[in-house]
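Spelled out, the chains give:
Protein chains: 2
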Amino acid sequence: MSDVAPPVAALVEEFSKLPGVGVKTAQRLTFYILRSPTDQARRLSEAIMRVKESIIYCSRCFNITETDPCSICRNGNRDQEIICVVEEPLDVLALEKTGVYKGLYHVLHGALSPLNNVGRKDIRIDELLKRLAEGSTREVILATNPGFEGDFTADIIKRGIKEELRLPHLQVTSLARGLPLGSDLEYADEGTLSRALEGRREL
Amino acid sequence: MSDVAPPVAALVEEFSKLPGVGVKTAQRLTFYILRSPTDQARRLSEAIMRVKESIIYCSRCFNITETDPCSICRNGNRDQEIICVVEEPLDVLALEKTGVYKGLYHVLHGALSPLNNVGRKDIRIDELLKRLAEGSTREVILATNPGFEGDFTADIIKRGIKEELRLPHLQVTSLARGLPLGSDLEYADEGTLSRALEGRREL
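These protein sequence lines are chains A and B, in that order. Position 153 (the first sequence) corresponds to 153 in UniProt numbering; numbering is contiguous. Position 168 (the second sequence) corresponds to 168 in UniProt numbering; numbering is contiguous.
Since the hints were derived computationally from the structure, they do not count as laboratory data. Take these hints with a grain of salt, some might be off.
One copy or two, either will do: identical chains are not told apart, so a pair holds if it fits within one copy or between any two.
Said to hold, decoys possible - Lysine to any residue pairs mimicking SDA-like chemistry, simulated, CA-CA at most 20 Å apart:
1. Lys52 / Arg28
2. Lys52 / Ala41
3. Lys17 / Pro37
4. Lys24 / Leu95
5. Lys97 / Thr25
6. Lys17 / Glu46
7. Lys24 / Pro180
8. Lys97 / Arg28
Please put together the full structure from these sequences, using the hints given.
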């Protein structure tokens, strides 16, 4: 890279810091930017800074937002008595796309992971318990990712609710586990298949 | 995406315009930017604009550069009598990394492609012939990509040199074709293998 123009080398370096982007991909992206219209490059450049400058976390649900509280927490048409607990803002995005869920959210920003030293103080569990302690929630849906860390996190939250809050009328649920749509029973892993069997329903 | 903060949606959209970046990857990159230090995001944002603002094409070799002529064309230590013809600036990068080549370059910015309507006027062939016509070149290495379009482009350039320029002392060469290092003969494709056979050398 000795004789490469410094701005090109710098952009390759910055691109290759992004997750999943190696040096080859960073080079391709850099040369794409070089060839793309200046307007398009400027829109990308400005969108990056605008996200950093204008995005904050909602003080109620900890989802990303431009305003506090966020537009979901402020939306009077949504069911204020249900809270869906997710690990990441991207999970909110995925659930919103279904158009099925009409309640509120709580974003933990991670899952408990004893192996990676992520403990209860590192994610927004206490903030969730405080919200629930206000007593205006009818149901809390624990929608952490299926798997060891997500299940462990859900379990700790459930225990926190049962043992620390003592709210007998608060329902604690989790998303159904089973075969994903369009999947093939033949290729389903054992865990998924046993969950699908346990959760079988009468037709 | 109805309730997603507009700056987030905008950055996802801009990222997904990059080659090889789908919506899911664009979302991941966006949330990575959200979590990364502002300094790092700013460096990426500024590197994008700096590339657009400061990079031009060398009027001699058409490689990307900040100065005209580029640092390679200006470098008196390089062999001024050899020109290596490549399709893209990235090819210059790859060749420079070997540290073996000490001559000049000529970047075509593409290959001839009758199927995609890329003709002789669309890439820098005439500019190359004009450079060669000056008579100060001893050897021209046609280093277009192995494959139909690259080979066709090399052939047209070779014919241009022989028929239009009539420079009997100008040597026209191409890169060796054969088995790549670290490859497995068993898995080599027929074309590569037959080129490797044709080009066999005495040990």
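Problem - Alpha-carbon proximity context of Lys97 and Thr25, limit 20 Å - result: between (30 Å within a copy, 17 Å between copies)
Problem - Alpha-carbon proximity between Lys97 and Arg28, which holds within one copy, between copies, both or neither at 20 Å - result: between (31 Å within a copy, 16 Å between copies)
Exercise for the section: Please work out whether the CA atoms of Lys24 and Pro180 approach to 20 Å or closer within one copy, between two copies, in both situations, or in neither? Expected result: Between copies, since 18 Å is at most 20 Å while 35 Å is not.
Handout entry: Lys52 and Ala41: within-copy, between-copy, both or neither at 20 Å Cα
Key = Both: 17 Å inside a chain and 8 Å across chains, each within 20 Å.
Exercise for the section: Give the relationship of Lys17 and Pro37 under a CA distance limit of 20 Å: within one copy only, between copies only, both, or neither. Expected result: between (24 Å within a copy, 12 Å between copies)
Practice task
Please work out whether the CA atoms of Lys24 and Leu95 approach to 20 Å or closer within one copy, between two copies, in both situations, or in neither?
Solution key: between (34 Å within a copy, 14 Å between copies)
Practice task
If the cutoff is 20 Å on CA atoms, where do Lys17 and Glu46 land: within, between, both or neither? Let me know, please.
Solution key: both (18 Å within a copy, 15 Å between copies)
Problem - Copy assignment of Lys52 with Arg28, given that the CA separation must stay at most 20 Å - result: For Lys52 and Arg28, the Cα distance is within 20 Å only across copies (15 Å; inside one copy 25 Å).
When each numbered hint is compared with the structure, no violation occurs for any of them.
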